[in-house]
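Peer 1: Sequence:
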Amino acid sequence: MTLGDRGPQVPLLTIAREWGRIGCIGFGGPPAHITLLRKLCVDQRGWLSAEEFEDGVAAANLLPGPASTQLAIFCAWRLAGPAGAIIGGACFILPGLVVILALASLFLATHPPLWVSGAAAGAGAAVPAVAIAAAIALMPASWSRAGGALSEHRAEARQPRLRWLGYLLAGAVAALAAGTLLVIVLAACGLIEVAVRARESRIQDGKGGAGRSRALLPLAIVAPPAMGGLLALAWVAFKVGALSYGGGFVIVPLMQHDAVGTYHWMTGAQFLSAVALGQVTPGPVVQTVAVVGYAAAGLGGGLLASLIAFTPSFVFVLAGARRFAVLRRSARVQAFLTGAGPAAIGAIAGSAVPLGLELAHLWQLAVLGLAVGWLIGLRKSVVTAIVGAACLGIIAALAGAPIG
Numbered sequence: 001m002t003l004g005d006r007g008p009q010v011p012l013l014t015i016a017r018e019w020g021r022i023g024c025i026g027f028g029g030p031p032a033h034i035t036l037l038r039k040l041c042v043d044q045r046g047w048l049s050a051e052e053f054e055d056g057v058a059a060a061n062l063l064p065g066p067a068s069t070q071l072a073i074f075c076a077w078r079l080a081g082p083a084g085a086i087i088g089g090a091c092f093i094l095p096g097l098v099v100i101l102a103l104a105s106l107f108l109a110t111h112p113p114l115w116v117s118g119a120a121a122g123a124g125a126a127v128p129a130v131a132i133a134a135a136i137a138l139m140p141a142s143w144s145r146a147g148g149a150l151s152e153h154r155a156e157a158r159q160p161r162l163r164w165l166g167y168l169l170a171g172a173v174a175a176l177a178a179g180t181l182l183v184i185v186l187a188a189c190g191l192i193e194v195a196v197r198a199r200e201s202r203i204q205d206g207k208g209g210a211g212r213s214r215a216l217l218p219l220a221i222v223a224p225p226a227m228g229g230l231l232a233l234a235w236v237a238f239k240v241g242a243l244s245y246g247g248g249f250v251i252v253p254l255m256q257h258d259a260v261g262t263y264h265w266m267t268g269a270q271f272l273s274a275v276a277l278g279q280v281t282p283g284p285v286v287q288t289v290a291v292v293g294y295a296a297a298g299l300g301g302g303l304l305a306s307l308i309a310f311t312p313s314f315v316f317v318l319a320g321a322r323r324f325a326v327l328r329r330s331a332r333v334q335a336f337l338t339g340a341g342p343a344a345i346g347a348i349a350g351s352a353v354p355l356g357l358e359l360a361h362l363w364q365l366a367v368l369g370l371a372v373g374w375l376i377g378l379r380k381s382v383v384t385a386i387v388g389a390a391c392l393g394i395i396a397a398l399a400g401a402p403i404g
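Position 177 (the sequence shown) corresponds to 177 in the numbering used here; numbering is contiguous.
Hints in this document: simulated from the structure, not taken from any laboratory.
Even for Gly, the Cβ is constructed at its ideal location relative to N, Cα and C.
One thing to keep in mind: the hints can contain errors.
[Claimed, not checked] Just the calculated beta-carbon pair ranges, DEER-fashion: (1) Gly320 - Arg21: 32 to 38 Å; (2) Leu365 - Val315: 39 to 45 Å; (3) Ser105 - Leu169: 37 to 43 Å.
Based on the provided sequences and hints, a complete structural model is requested.
Peer 2: This is the structure in structure tokens:
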């Protein structure tokens with residue numbers, strides 16, 4: 001059975017129950033979601049073979065937006081068609097959305113309880129460490145991808161790796177200095193790599209991969225420069241869902257510039273809390289956009305932002321699932337990701353600097369140092385790091401430390 005073929009028919013009630021269960025217990029981001037989906041679809045039920053599932057993972061990683069969400073939608077599509085994709089995806093997303101909006105109402109209240117303010121300040125202090133750890137975790141695979149087409153000549157063999165470093169630096173600079181242009185930088189790095197590989201290897205794919213990647217740059221440029229209100233919120237959510245590459249955390253520099261600097265929907269400290277909530281709640285990390293929406297326009301804004309951010313994932317799978325095998329074989333698509341991937345990693349790492357600058361108190365720097373040791377030195381989980389940092393924040397607040 002090929003990647004674009006339908007698998008065994010599974011009742012929609014089963015899809016709703018199992019995908020909803022994963023949405024409720026899926027703490028830990030994409031690695032946890034992929035593990036749970038594989039355990040269900042391959043190991044326990046035998047609905048998909050291991051090879052089919054791994055092909056689905058690879059195809060989802062070729063798409064912009066939240067990869068684990070797209071994998072969940074794709075697996076449900078394979079098992080129950082378009083209706084299954086919609087029901088499975090919705091059941092996967094909704095539990096985390098309910099939890100994060102409830103927490104947003106607590107953390108973003110005008111006068112939250114002291115312990116809540118302390119938890120927010122503590123959890124937020126760990127977020128820059130999470131960004132650095134996320135970037136480090138993504139680097140090995142991206143570095144290997146860059147070396148996948150190395151030349152036999154030693155001098156030429158260094159060029160892909162040098163370009164990789166250049167893309168990494170470009171993404172970091174974009175996150176630091178020009179958050180509004182980050183999507184354009186990601187697309188430009190991908191297109192540069194497509195052009196370079198086409199010239200060096202004379203790729204003759206002709207399956208539309210290049211056309212798809214070329215379309216990203218105009219999309220990134222068409223944002224109205226002076227919009228506001230719900231239109232601005234819709235544009236931010238669309239960028240998060242349709243134009244972001246490199247994993248869930250790349251949305252952080254995308255959103256921080258807009259939510260804090262451009263539209264002033266939230267303070268820098270509140271944005272740190274929003275990112276922390278996205279890390280510790282079940283389901284997709286992209287749920288962070290719902291907190292931004294809540295800050296911008298209340299409950300309706302949170303629901304709108306989430307709807308717009310996740311809609312592209314459904315569209316990509318429903319419209320393109322039968323062509324995933326072609327997409328995966330496309331040399332141009334692979335080249336685009338070889339360029340856009342390190343740029344996204346650089347942006348994730350670069351976002352640690354503006355996030356760290358939002359920390360206002362010395363005790364938060366100590367929490368940040370502990371989080372760095374926990375995540376990077378000991379390589380422990382993000383959820384435990386943020387929960388532990390929140391507990392330290394509560395202790396600090398109750399002890400009289402400054403938290404405002």
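Peer 1: To test your reading of the hints: which numbers does this structure violate?
Peer 2: Checked against the structure, the only hint that fails is number 1, while the rest are satisfied.
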